[in-house]
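Could you build all of it, start to finish, from the sequences and the hints given here?
One line per chain: the protein sequences are A and W, in this order.
Heads up, the first sequence is in my numbering, so the first residue is 1 and it goes up one at a time.
Heads up, the second sequence is in my numbering, so the first residue is 1 and it goes up one at a time.
Just so you know, not all the hints are guaranteed correct.
[Stated by the list, open to error] Derived DSSO-like pairs: lysine-lysine, alpha-carbon spacing no greater than 27 Å straight-line:
#1 A/Lys212 to A/Lys12
#2 A/Lys155 to A/Lys105
#3 W/Lys137 to W/Lys88
#4 A/Lys22 to A/Lys12
#5 A/Lys311 to A/Lys22
#6 A/Lys173 to W/Lys249
#7 A/Lys309 to W/Lys59
#8 W/Lys202 to A/Lys304
#9 W/Lys59 to W/Lys127
#10 W/Lys137 to A/Lys278
#11 W/Lys202 to A/Lys311
#12 W/Lys249 to A/Lys179
#13 W/Lys202 to A/Lys312
#14 A/Lys271 to A/Lys248
#15 W/Lys249 to A/Lys236
#16 A/Lys311 to W/Lys137
#17 A/Lys304 to W/Lys137
#18 A/Lys309 to W/Lys137
#19 A/Lys248 to A/Lys236
#20 A/Lys312 to W/Lys137
#21 A/Lys304 to W/Lys94
#22 W/Lys88 to A/Lys286
#23 W/Lys137 to W/Lys94
#24 W/Lys94 to A/Lys286
#25 A/Lys309 to A/Lys31
Rather than coming from a laboratory, the hints here were simulated on the basis of the structure.
A quick note: this is a predicted structure, and the numbers were derived from the prediction, not measured.
Given next are the chains, with one letter for each unit.
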Amino acid sequence: MEKNLEEIFQAKIDREEKIEPKDWMPDAYRKTLVRQISQHAHSEIIGMLPEGNWITRAPTLRRKVALMAKVQDEAGHGLYLYSAAETLGVDRVELFEQLNSGKAKYSSIFNYPTLSWADIGSVGWLVDGAAIMNQVPLCRCSYGPYARAMVRVCKEESFHQRQGFEILLNLSKGSQAQKDMLQESVNRWWWPAMMMFGPADGDSPNTQQSMKWKIKRFTNDDLRQKFVDVAYEQAKVLNVTLPDPDIKWNEERGHYDYGVINWDEFWNVVKGNGPCNKERLAARNKAWDEGQWVREAALAHAEKRANRKSKKVA
Amino acid sequence: MQDHLYNFLLYLGDNALILGHRLSEWCGHGPVLEQDMALTNIALDLVGQSRNIFQLAAKMQGEGATEDTLAYLRDATAYKNILLVEQKNGDFAKTILRQFFYDAFNYPCYQRLMQSSNKDIAAFAEKSMKEITYHLKWSSEWVIRLGDGTEESLRRINEALEDLWPYTGEMFKYADFEIAMTESGVFPDAAGIEAEWEQEVKNIFAQAGLELPEKAWMHDGGKHGRHSEHLGYILAEMQFLQRAYPGQKW
Ligand SMILES: [Fe+2]
Ligand SMILES: [Fe+2]
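Put into structure tokens, the structure is as follows:
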């Protein structure tokens, strides 16, 4: 019976039909999705912190408004994604608690600090850029609610990326100090952005299963390569050097070769040793704990109102 | 006369910018995701409004003035916002009450500005009214929720009330530029605003189970550039890049 269900399920996926919340699905598929979607949602929420770090210091009112709108978009992405996760039978509060306790993971990139205004540009260009590479294929993910959420997210992410690139383009045409600010920022963000695609294919044991389930469409290394190819051309427009002396065109492969990623750093940041891991979690915990009485008050008031209404009716 | 109009525009713009800036400090730190977004929404509206007004003021001033020179190159003594809007966010209750006091004041102000003899101001007020109506609705609902919520939320909003009440009088203590604007019809019938504000506050407080405090000593000075210590820090942060890298494009 189970076997049969699993065959029907896989056949559906193979026909590129979407799996919907009420459909039967293997436990492992459900678990994989809950983990991936909630990690993704957490990343959106944690990502608000390094970007929000420059809202009060944005250099013009136009930039200030654009940055606020961007960070607000990330909150919206978090909401869509938590809703998608909820269709799989978990609830948001439970997921928040996993994040706050440090049990759940989120994208390591947000454990790096935003130290200059150029970082707001670099985050847009490289981090949103890498996120788009990862996320566009997810619009065709086999799980319907996730795929639909990603369609909305991707539209906004590509806007974020253009906005970030435009910030950097402006710096690239500015004073020497601004050009230096730009280069220094790209130097810091390049490698962490490269790590956003996750471990090399050989070290990514779940990739094959995820691809069979059509949660994933491309391997980590495929996506990373795509990213390098695009970013290298864009870096030329910005007149910046990517901090990788080994990047060069490989005629045979039709791609840019690139240097060796420092996986030691990657795993260390994942384990909690990045420059801002503690601060990010502390900020989320503070917001959550200090929001407790607000959430309770809203609930208590709603109950009182409902009681008054039902009394009136009676 | 032109000076008064210019100062009046700065006053409107400064109120919106400084309150928007304060609200933006919440972004990413709100008590619940939906309200984080609501706070940022209002911050976006307010900073957007300040840009519109500063553009009008910059046009009046000429000499290469822009919305950004007005926001980023004036020091605290040149800022004309009321002290209420520069007060620290405090907890959510304080942010909510500060917002409500301001919205309940801003709403009747902009209703009047829609009738302004100055066409630019009237058009701008008309454009902003939908946002301001939403802000008032949002902050009123939260005052009611917190007042009529739990013991703790009631205690907190009462603490906020104690802190903020002495900053409410300044709104109605009209500066020379406001009086001139009232007389010339740019800001018609300003005298009626206080009564409308009080009515609105009474009405919402009644639903929230809050008591209106006695008339008390009220701080003022913001409209004349005499601010609390907070504004200097807000500007130091806000203006950092423009000050550190003068004359650059961003
Ligand atoms: Fe996002
Ligand atoms: Fe984004």
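Checked hints:
1. Only pairs whose Cα atoms come within 27 Å are accepted, and A/Lys212 paired with A/Lys12 is accepted, the gap being roughly 12 Å.
2. Of the supplied pair hints, the one linking A/Lys155 and A/Lys105 holds, its CA atoms being roughly 25 Å apart against a limit of 27 Å.
3. About 22 Å separates the Cα atoms of W/Lys137 and W/Lys88, which keeps this hinted pair within 27 Å; it holds.
4. A C-alpha spacing of about 14 Å is found between A/Lys22 and A/Lys12, which places the hinted pair at or below 27 Å, so the restraint holds.
5. For a cut-off of 27 Å, the pair hint linking A/Lys311 to A/Lys22 is broken: about 38 Å separates their Cα positions.
6. Taking the CA atoms of A/Lys173 and W/Lys249, the gap is near 9 Å; set against the 27 Å cutoff, the hint holds.
7. Between the alpha carbons of A/Lys309 and W/Lys59 the distance comes to roughly 54 Å, so the proposed pair goes past 27 Å and is violated.
8. Using a Cα cut-off of 27 Å, the hinted pair W/Lys202 and A/Lys304 holds, with the two alpha carbons roughly 21 Å apart.
9. Of the supplied pair hints, the one linking W/Lys59 and W/Lys127 holds, its CA atoms being roughly 19 Å apart against a limit of 27 Å.
10. About 38 Å separates the Cα atoms of W/Lys137 and A/Lys278, which puts this hinted pair outside 27 Å; it is violated.
11. For the hint linking W/Lys202 to A/Lys311, the alpha-carbon distance of about 26 Å falls within 27 Å, and the restraint holds.
12. About 12 Å separates the Cα atoms of W/Lys249 and A/Lys179, which keeps this hinted pair within 27 Å; it holds.
13. Taking the CA atoms of W/Lys202 and A/Lys312, the gap is about 24 Å. The hint holds against a cut of 27 Å.
14. A threshold of 27 Å between alpha carbons decides the hint, and for A/Lys271 with A/Lys248 the separation of about 32 Å lies outside it, so the pair is violated.
15. With a C-alpha separation of about 21 Å, the suggested pairing of W/Lys249 with A/Lys236 holds against the 27 Å cut-off.
16. Pair hint A/Lys311 plus W/Lys137 holds up; C-alpha atoms about 26 Å apart against a cutoff of 27 Å.
17. With a C-alpha separation of about 20 Å, the suggested pair A/Lys304 and W/Lys137 falls inside the 27 Å cut-off, and the hint holds.
18. About 21 Å separates the Cα atoms of A/Lys309 and W/Lys137, which keeps this hinted pair within 27 Å; it holds.
19. A hinted pair counts as satisfied when its Cα atoms are at most 27 Å apart, and A/Lys248 with A/Lys236 qualifies at roughly 13 Å.
20. With a C-alpha separation of about 25 Å, the suggested pair A/Lys312 and W/Lys137 falls inside the 27 Å cut-off, and the hint holds.
21. Of the pairs offered as hints, the one joining A/Lys304 and W/Lys94 holds, with about 23 Å between alpha carbons and a cut-off of 27 Å not exceeded.
22. Of the supplied pair hints, the one linking W/Lys88 and A/Lys286 holds, its CA atoms being roughly 18 Å apart against a limit of 27 Å.
23. For the hint linking W/Lys137 to W/Lys94, the alpha-carbon distance of about 17 Å falls within 27 Å, and the restraint holds.
24. With a C-alpha separation of about 17 Å, the suggested pairing of W/Lys94 with A/Lys286 holds against the 27 Å cut-off.
25. Restraint check for A/Lys309 and A/Lys31: not satisfied, since their Cα atoms lie roughly 42 Å apart, outside the 27 Å limit.
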